[in-house]
Amino acid sequence: MKPIIATIGGHSALQILKGAKEENFKTALICKKNSEKLYRSFKIGDEIYVVENFDEIFDKRFKELRKKAIFIPHGSFVEYLNKDKILESDLKIFGNKKIFEWEGNRLKMFKWLKESGIRTPKIFDEPSKIDRLCIIKFHGAKGGKGYFLVENEDDFYKKQKDKKFDISDCVIQEYIVGTRFYPHLFYSNITKELEIFGVDLRYESNADGIVRLPPRFANDIDLSYVVVGNIPVVMRESLLPEIYNMGENLIKGSEKLFDGLWGPFCLETILSDDLKFYTIEISARIVAGTNLYINGSQYARILYDEPMSMGRRIAREIKIAMERNVMNKIIT
Amino acid sequence: MKPIIATIGGHSALQILKGAKEENFKTALICKKNSEKLYRSFKIGDEIYVVENFDEIFDKRFKELRKKAIFIPHGSFVEYLNKDKILESDLKIFGNKKIFEWEGNRLKMFKWLKESGIRTPKIFDEPSKIDRLCIIKFHGAKGGKGYFLVENEDDFYKKQKDKKFDISDCVIQEYIVGTRFYPHLFYSNITKELEIFGVDLRYESNADGIVRLPPRFANDIDLSYVVVGNIPVVMRESLLPEIYNMGENLIKGSEKLFDGLWGPFCLETILSDDLKFYTIEISARIVAGTNLYINGSQYARILYDEPMSMGRRIAREIKIAMERNVMNKIIT
Amino acid sequence: MKPIIATIGGHSALQILKGAKEENFKTALICKKNSEKLYRSFKIGDEIYVVENFDEIFDKRFKELRKKAIFIPHGSFVEYLNKDKILESDLKIFGNKKIFEWEGNRLKMFKWLKESGIRTPKIFDEPSKIDRLCIIKFHGAKGGKGYFLVENEDDFYKKQKDKKFDISDCVIQEYIVGTRFYPHLFYSNITKELEIFGVDLRYESNADGIVRLPPRFANDIDLSYVVVGNIPVVMRESLLPEIYNMGENLIKGSEKLFDGLWGPFCLETILSDDLKFYTIEISARIVAGTNLYINGSQYARILYDEPMSMGRRIAREIKIAMERNVMNKIIT
Numbered sequence: 049m050k051p052i053i054a055t056i057g058g059h060s061a062l063q064i065l066k067g068a069k070e071e072n073f074k075t076a077l078i079c080k081k082n083s084e085k086l087y088r089s090f091k092i093g094d095e096i097y098v099v100e101n102f103d104e105i106f107d108k109r110f111k112e113l114r115k116k117a118i119f120i121p122h123g124s125f126v127e128y129l130n131k132d133k134i135l136e137s138d139l140k141i142f143g144n145k146k147i148f149e150w151e152g153n154r155l156k157m158f159k160w161l162k163e164s165g166i167r168t169p170k171i172f173d174e175p176s177k178i179d180r181l182c183i184i185k186f187h188g189a190k191g192g193k194g195y196f197l198v199e200n201e202d203d204f205y206k207k208q209k210d211k212k213f214d215i216s217d218c219v220i221q222e223y224i225v226g227t228r229f230y231p232h233l234f235y236s237n238i239t240k241e242l243e244i245f246g247v248d249l250r251y252e253s254n255a256d257g258i259v260r261l262p263p264r265f266a267n268d269i270d271l272s273y274v275v276v277g278n279i280p281v282v283m284r285e286s287l288l289p290e291i292y293n294m295g296e297n298l299i300k301g302s303e304k305l306f307d308g309l310w311g312p313f314c315l316e317t318i319l320s321d322d323l324k325f326y327t328i329e330i331s332a333r334i335v336a337g338t339n340l341y342i343n344g345s346q347y348a349r350i351l352y353d354e355p356m357s358m359g360r361r362i363a364r365e366i367k368i369a370m371e372r373n374v375m376n377k378i379i380t
Numbered sequence: 049m050k051p052i053i054a055t056i057g058g059h060s061a062l063q064i065l066k067g068a069k070e071e072n073f074k075t076a077l078i079c080k081k082n083s084e085k086l087y088r089s090f091k092i093g094d095e096i097y098v099v100e101n102f103d104e105i106f107d108k109r110f111k112e113l114r115k116k117a118i119f120i121p122h123g124s125f126v127e128y129l130n131k132d133k134i135l136e137s138d139l140k141i142f143g144n145k146k147i148f149e150w151e152g153n154r155l156k157m158f159k160w161l162k163e164s165g166i167r168t169p170k171i172f173d174e175p176s177k178i179d180r181l182c183i184i185k186f187h188g189a190k191g192g193k194g195y196f197l198v199e200n201e202d203d204f205y206k207k208q209k210d211k212k213f214d215i216s217d218c219v220i221q222e223y224i225v226g227t228r229f230y231p232h233l234f235y236s237n238i239t240k241e242l243e244i245f246g247v248d249l250r251y252e253s254n255a256d257g258i259v260r261l262p263p264r265f266a267n268d269i270d271l272s273y274v275v276v277g278n279i280p281v282v283m284r285e286s287l288l289p290e291i292y293n294m295g296e297n298l299i300k301g302s303e304k305l306f307d308g309l310w311g312p313f314c315l316e317t318i319l320s321d322d323l324k325f326y327t328i329e330i331s332a333r334i335v336a337g338t339n340l341y342i343n344g345s346q347y348a349r350i351l352y353d354e355p356m357s358m359g360r361r362i363a364r365e366i367k368i369a370m371e372r373n374v375m376n377k378i379i380t
Numbered sequence: 049m050k051p052i053i054a055t056i057g058g059h060s061a062l063q064i065l066k067g068a069k070e071e072n073f074k075t076a077l078i079c080k081k082n083s084e085k086l087y088r089s090f091k092i093g094d095e096i097y098v099v100e101n102f103d104e105i106f107d108k109r110f111k112e113l114r115k116k117a118i119f120i121p122h123g124s125f126v127e128y129l130n131k132d133k134i135l136e137s138d139l140k141i142f143g144n145k146k147i148f149e150w151e152g153n154r155l156k157m158f159k160w161l162k163e164s165g166i167r168t169p170k171i172f173d174e175p176s177k178i179d180r181l182c183i184i185k186f187h188g189a190k191g192g193k194g195y196f197l198v199e200n201e202d203d204f205y206k207k208q209k210d211k212k213f214d215i216s217d218c219v220i221q222e223y224i225v226g227t228r229f230y231p232h233l234f235y236s237n238i239t240k241e242l243e244i245f246g247v248d249l250r251y252e253s254n255a256d257g258i259v260r261l262p263p264r265f266a267n268d269i270d271l272s273y274v275v276v277g278n279i280p281v282v283m284r285e286s287l288l289p290e291i292y293n294m295g296e297n298l299i300k301g302s303e304k305l306f307d308g309l310w311g312p313f314c315l316e317t318i319l320s321d322d323l324k325f326y327t328i329e330i331s332a333r334i335v336a337g338t339n340l341y342i343n344g345s346q347y348a349r350i351l352y353d354e355p356m357s358m359g360r361r362i363a364r365e366i367k368i369a370m371e372r373n374v375m376n377k378i379i380t
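Chains as they are written, first to last, in the working numbering: chain A, 49 to 380; chain Y, 49 to 380; chain V, 49 to 380.
The shape of chain A in the complex, shown without the other chains (with noise of 0.2 Å):
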């Protein structure tokens, strides 16, 4: 029986139900109330449930649904559902499910990259090495939430002090000063292809709304990351092959430790003026960067002849794996 393809409200889901119905998919939505007369105004959802919070789809109501349904997992699904449950429960999702843990937790996440090969940032372990500029992140996908930059230990620990917050709960991370670059990638664990669709920047509050300041207003105010957009961008085409590479050399880490990683993901990087590639963090799943390009990206129309969406690009990989036989090689 074709499954019907499913994801929570918010993040990527117009365009991951988008996609799935331009490749003759059912879809469903799982949203809050405040959503509801969005995602109807946008004709994507042929069932569309609404929740108080986005747990109960683990409860007997979605029953029905979770047993012909494939959820497509996003940011805000990462985040919003718990993922000891999303792990015990009978929810089929696209992609590996043991990834959720190595991009949740920083710590993990740079093993992960240190054992792919990646180039990253250097990691202070304890505030009294902080030697240069470092920006202090969470653990977790809270869109940018509550990074700050510090100048040095004293610095950190007044900030701390502020801030109230656990030192084991936060990773000190040298600032890379340079362009940033969120490169889409989509691996086929049917075909074993490696895919570049797009790349976007992270347009982030108020990091981007101080710019246009005077510098001397600027220097007063506190800089945060919280994003909330994207733009597009296209990468010099000669760097593209070290972005080739460190996809597959990606993949390649994540056979090593946890049965691999397929579908969509993103590098998210930083190149030096010297151009080197330093990599920040990494998103195993569809990244928000992608809704830019429903109608398609650059990239996406050389291997493409029609609009191909990531989410028509996962919708599409479901109905190759049908076609084929092959389930198992992208559910779990």
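Derived from the structure by calculation, the hints contain no laboratory data. Just to be clear, a hint being listed does not mean it is correct.
Copies of the same chain are indistinguishable here, so a pair counts whether it falls within one copy or spans any two.
Stated by the list, open to error - Here are the simulated DSSO-like pairs of lysine-lysine, each with C-alpha atoms no more than 27 Å apart in a straight line: (1) K212 - K324; (2) K156 - K140; (3) K193 - K69; (4) K156 - K81; (5) K300 - K81; (6) K185 - K324; (7) K85 - K324; (8) K108 - K145; (9) K240 - K81; (10) K140 - K69; (11) K304 - K50; (12) K211 - K324; (13) K240 - K69; (14) K367 - K91; (15) K162 - K85; (16) K300 - K91; (17) K206 - K74; (18) K91 - K193; (19) K170 - K324; (20) K91 - K131; (21) K111 - K240; (22) K377 - K85; (23) K377 - K304; (24) K185 - K209.
For clarity, every value in this text was computed on a predicted model and none was experimentally measured.
We have chain A already, so just place chains Y and V on it with the hints.
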């Protein structure tokens, strides 16, 4: 008889006339001598008329055209045509003519926003009340020309002396630090459906030019905010429901105050880092940011399986009105 | 016999070869080992040759290919191939070979601009004349590498001592503060029509990276301008007529100086806040910014009802030349 779709040269005329042709309308363009060659190169005007002054549109020469054409207003239309003449003339306008005065006067615009329950920056009714960074704006859609920052009362009077203007001609508006989003919406007065099309950022000279200077140079340069282009952006999906609500509220407000708003419009917003939208302006007609999406925006793609620009959507609405014989609902 | 369309790996090769395939040409790519896997993943080269050095293209090995192929020049082509060898060889180039020397030497480039009546920043012929913020550039298309700012004569000599270069190798150019626009134009030497395709902004490391730093940090970092990507933008429509005129004037200037410019080109401009364009460079071939629009730009959409990239437009021109039997008008 099928109407001609007409507009004046500038702002988004290329998009409007291309969209009209895609919906199989005949088109007419009234432009100035210096832009004739450009418009002819794009082959979008079935009839092209050259004028010295856009107000010639009300002359006898264009009597025949006024009879058979529907005029699509845009930013230059609002700026260069005499509003009283528009109201008095037999010019048929797509949209509500009454809106021009509510859009053209900032105090009325803020009254409309307040009536619609939409959050705005604080407005200071006299310079002595300035207690934070403010931006000074003048009435009318002049593409951001003449805006400037003031830090306090003294700074205001100093700059007023330099620039020589009447306090009553300006609005003193709190400067909100955050990220900018200019969402493009379309409301159908026929189906009563609200559609989200896309979002842009304005690219402003020299505010977006000085950001790349070393800060010590940038401090000495007066910032200006002349809109010279637009950059695409998508919004974090969890923010879209509020945009949708703001759109609905603005329509309700317009129905209370002046018989309604329909067709394309834009709420110019700043998003603070605690994720609150502040609306700084309304454009109650097609905005230039939609020029980014002449081949269809990300969100328009979700609703339409063909490339749908805002210009084309307008023409589509006229076509629907013709088919349902309800032209009176969209033309004034 | 139908020619093969060929180019070297890098810059905009993906777009060029995809465009060629869309117009039903066979394609050939000459690339280096490290990029072979990337290009193969995109499936755009019917023949892929790996070389150690791009100048091998002139060797006996490629005699057969040179006979049947038309080579499309791009930024890396201009940078990595020996210009004298291009002129001497039997390589067939789309465009005018004579242009390479006018594009590659900044003094000749400025002569061409002057001859064309196009406004440029002031050029200071010796360091003692520096009376404002200047940017120092070297000859050739090196992707912005090595550019730096100087504030005055002393600053110039100090930096010259650090960086060790010959004054005769650099151009001292007034730094214009404003917004940047890099419009993509195509001129047909067959139909004599000029087409506006799209516009981009260059994304440069680290100049576009430091903007997000608190100004007090940014002051201590040397700015660099290595072009690492491109961001889409549209221009205020009322500015397009001047772009069109500048394009026409540049073509006329090229006809006076060296038998003409045709095919794709770009005027790199800065727009000051009094809306004057200053042209800082010319790229007399396809620019990387067109990679943003592999699935068609906003403006290309107006002229063509199918997705038309600049790469495809080149292939289309070759097809038209074949049909009309005027290949000599486009190949040198």
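* For this structure, which hints from the list above don't hold up? -> Hint check: 3, 4, 11, 17, 18, 20, 21 fail, others pass.
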